[in-house]
Amino acid sequence: DAGVIQSPRHEVTEMGQEVTLRCKPISGHNSLFWYRQTMMRGLELLIYFNNNVPIDDSGMPEDRFSAKMPNASFSTLKIQPSEPRDSAVYFCASRETGSSQPQHFGDGTRLSIL
Amino acid sequence: AQSVTQPDIHITVSEGASLELRCNYSYGATPYLFWYVQSPGQGLQLLLKYFSGDTLVQGIKGFEAEFKRSQSSFNLRKPSVHWSDAAEYFCAVAADILTGGGNKLTFGTGTQLKVEL
Chain A
7 DAGVIQSPRH
17 EVTEMGQEVT
27 LRCKPISGHN
37 SLFWYRQTMM
47 RGLELLIYFN
57 NNVPIDDSGM
67 PEDRFSAKMP
77 NASFSTLKIQ
87 PSEPRDSAVY
97 FCASRETGSS
107 QPQHFGDGTR
117 LSIL
Chain B
201 AQSVTQPDIH
211 ITVSEGASLE
221 LRCNYSYGAT
231 PYLFWYVQSP
241 GQGLQLLLKY
251 FSGDTLVQGI
261 KGFEAEFKRS
271 QSSFNLRKPS
281 VHWSDAAEYF
291 CAVAADILTG
301 GGNKLTFGTG
311 TQLKVEL
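Line by line, the protein sequences are chains A and B.
Here our numbering is used: position 24 in the first sequence is 30, and no number is missing along the way.
Here our numbering is used: position 84 in the second sequence is 284, and no number is missing along the way.
Next comes chain A alone, as it looks inside the complex (with noise of 0.2 angstroms):
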């Protein structure tokens, strides 16, 4: 089965330009969170979505920051403008309803903010 997808890899852009970054959850997964890591803060949980709806957004740094979840396979974190200090990777992850289930990670999207 495939796992979590995420799109592009890496991402490596100017500040001020807009950034979209894609994820496709594992089917059947009724959850959707997008993390952010980095050296200085680690792992911090962005946004999560339960059955396409945003339920908590405030890991969202700041409003450049953007999550939407049209439908059950696909969503996108976008920023705009984008600035250096949001250069991180930045990682969905899917998971199945219930609480016990675990989340499953995507590789990935490593953005560089020049």
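Quick caveat, the hints were computed from the structure, so don't treat them as lab data.
Any given hint could be a false lead.
Some chain A residues close to chain B (C-beta under 7 angstroms, calculated; not the full set) [unchecked claim]:
no., residue
1, Leu49
2, Pro76
3, Phe80
4, Ser106
5, Pro108
6, Gly112
7, Asp113
The list that follows gives simulated cross-link-like pairs (lysine to aspartate or glutamate, EDC-like), each with its CA atoms no further than 20 angstroms apart [what the hints assert, rightly or not]:
no., chain 1, residue 1, chain 2, residue 2
8, B, Lys304, A, Glu102
9, B, Lys249, A, Glu102
10, B, Lys314, B, Glu220
One-sided and incomplete, this derived list gives chain A residues near chain B with beta-carbon spacing under 8 angstroms [what the hints assert, rightly or not]:
no., residue
11, Asp62
12, Met66
13, Ser93
14, Phe97
15, Phe111
The beta-carbon is built from N, C-alpha and C at its ideal position, and this holds for glycine as well.
Knowing the structure of chain A, use the given hints to seat chain B on it.
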């Protein structure tokens, strides 16, 4: 709110030696506990999980973990480490939030394991 502490940032062991990675959690009720491993350039892979029942849980790659409620701990162990086990290990706790069906995973800061040949 729940929290997770991994007191060891780096650990170095010799190949073939035993390993124990420490994890302490803070949560009022019975938590759901997970250990993940992250190899360079990759996402997090689930090693094992605990949510009820036997307090000693077996995972993949020969890892096990023991839940000790009295110590609020969920330490990860392996009797004999292989060079391929070098990676970063994360402990995580999930709270059972009744509303919305969703919940957050709170991660520890991770322990970087180095294996000497």
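Going through the hints against the structure:
{"no.": "1", "hint": "Leu49", "in the structure": "holds (5 angstroms)"}
{"no.": "2", "hint": "Pro76", "in the structure": "violated (18 angstroms)"}
{"no.": "3", "hint": "Phe80", "in the structure": "violated (18 angstroms)"}
{"no.": "4", "hint": "Ser106", "in the structure": "holds (4 angstroms)"}
{"no.": "5", "hint": "Pro108", "in the structure": "holds (5 angstroms)"}
{"no.": "6", "hint": "Gly112", "in the structure": "holds (5 angstroms)"}
{"no.": "7", "hint": "Asp113", "in the structure": "holds (5 angstroms)"}
{"no.": "8", "hint": "Lys304(B) / Glu102(A)", "in the structure": "holds (13 angstroms)"}
{"no.": "9", "hint": "Lys249(B) / Glu102(A)", "in the structure": "holds (15 angstroms)"}
{"no.": "10", "hint": "Lys314(B) / Glu220(B)", "in the structure": "holds (13 angstroms)"}
{"no.": "11", "hint": "Asp62", "in the structure": "holds (7 angstroms)"}
{"no.": "12", "hint": "Met66", "in the structure": "violated (14 angstroms)"}
{"no.": "13", "hint": "Ser93", "in the structure": "violated (16 angstroms)"}
{"no.": "14", "hint": "Phe97", "in the structure": "holds (6 angstroms)"}
{"no.": "15", "hint": "Phe111", "in the structure": "holds (4 angstroms)"}
Checked against the numbered hints given earlier, this structure breaks hints 2, 3, 12, 13; the rest are met.
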